[in-house]
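J.: These are the residues of each chain, in order.
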Amino acid sequence: MLAFAALATVMLVGAIGVVTLRQPVHAALSLVGTLLALAVAYVQLNAGFLAAIQVIVYAGAIMVLFLFVIMLLALDGDAPPANLAWLRPAAWGAGGLAVVALLAVLLRDPLGPAAPAAIAEVFAGSGVGGVADQLFGRFVLSFHLVGVLLLTGVVAAVGLVQRKAGQAAEARARAGQAGAVPPDAPPLPGREPVEA
Amino acid sequence: MFEPVPPSYWVALSALLFAAGAVGVLTRRSAILVFLSVELMLNAANLSLVAFANQWADAGAAVAMSGQTVVFVVLAIAAAEVAVGLGILVAIFRDRASTDVDVLSEVRA
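Note that the protein sequences, when read in sequence, are chains X and L. Plus 12 on top of the position in the first sequence (first one is 1) and you've got our numbering. Plus 886 on top of the position in the second sequence (first one is 1) and you've got our numbering.
Some clues are possibly wrong.
[Stated by the list, open to error] To spell it out: a stretch of chain L is covered by chain X in this simulated footprint if at least three of its residues, at any positions, have a beta carbon under 8 Å from a beta carbon of chain X; those stretches are:
1. 898–908
2. 911–921
3. 930–942
4. 972–985
If you are wondering where the hints come from, they were derived from the structure by calculation, not from laboratory data. Note that beta-carbon positions come from the ideal geometry of N, C-alpha and C, so glycine has one too.
Hey, can you work out the whole structure from these sequences and the hints?
T.: Structural data, given as structure tokens:
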């Protein structure tokens, strides 16, 4: 019950951060916190495979895409830069701590040759076998449709964002006339004049 | 490791997360923050699906893993949706130099 309460608190604080924080980057990082807490909840609900997918795909790939777009569009332009002098020593400290912790685990329990029984023990109860049975059995049509959807999504995203060669050259020439950027600089996305 | 909690607790937590996401969709003005709130709502639905799958597994149902499989499919669809949605956002920003949904309201039919 205590674990549940702690998990629920982290999730709800993260969710409220997503809804209220003014800086888009802060809101996105707040959502990352909620997603990682959700992964812990999945472990608690006997869905270890989904927990791994949640961390890799959601908190990893999807949120990185969000952060890329937030930074590409420079949505937080007018905020003064924070003084982050403490960040560098703190980062070195955290990195050193991680090295010590990982080496301690490795020295206490050195890696032996991988045995199928040991691997099966790791995946027991994670739901990976059950999900595979369902995915390639009852849900095999969904599986194929999702494959087609992902391919379509990638092609559509590239098509949406791609600029035609003439447009890129035109934007560069316009930026050069304005005097803001030298004419041979690559066009900055999102920094073009509005009358385009 | 953890003592189990009743499924209704998980579903209540999922409802709270979903409500927070809905508030975000309705109140945020930047389209990218609206998008983040939609992701929160998707994840709230996923949490209740996993909780229900766990409940049916406890009851011994043979198709208990269906809930987790649906979450897998939802995750893949969310990934495709994010790719296309952020592509649309970048295209709009190039055109208008803004992602404020109030500025974009003329897009409606």
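J.: It remains to establish, for every hint, whether it holds in the given structure.
T.: Structure-based check of each hint:
no. : hint    : verdict
1   : 898–908 : holds (count 5)
2   : 911–921 : holds (count 6)
3   : 930–942 : holds (count 6)
4   : 972–985 : holds (count 12)
The structure fails none of the hints (numbered hints given earlier).
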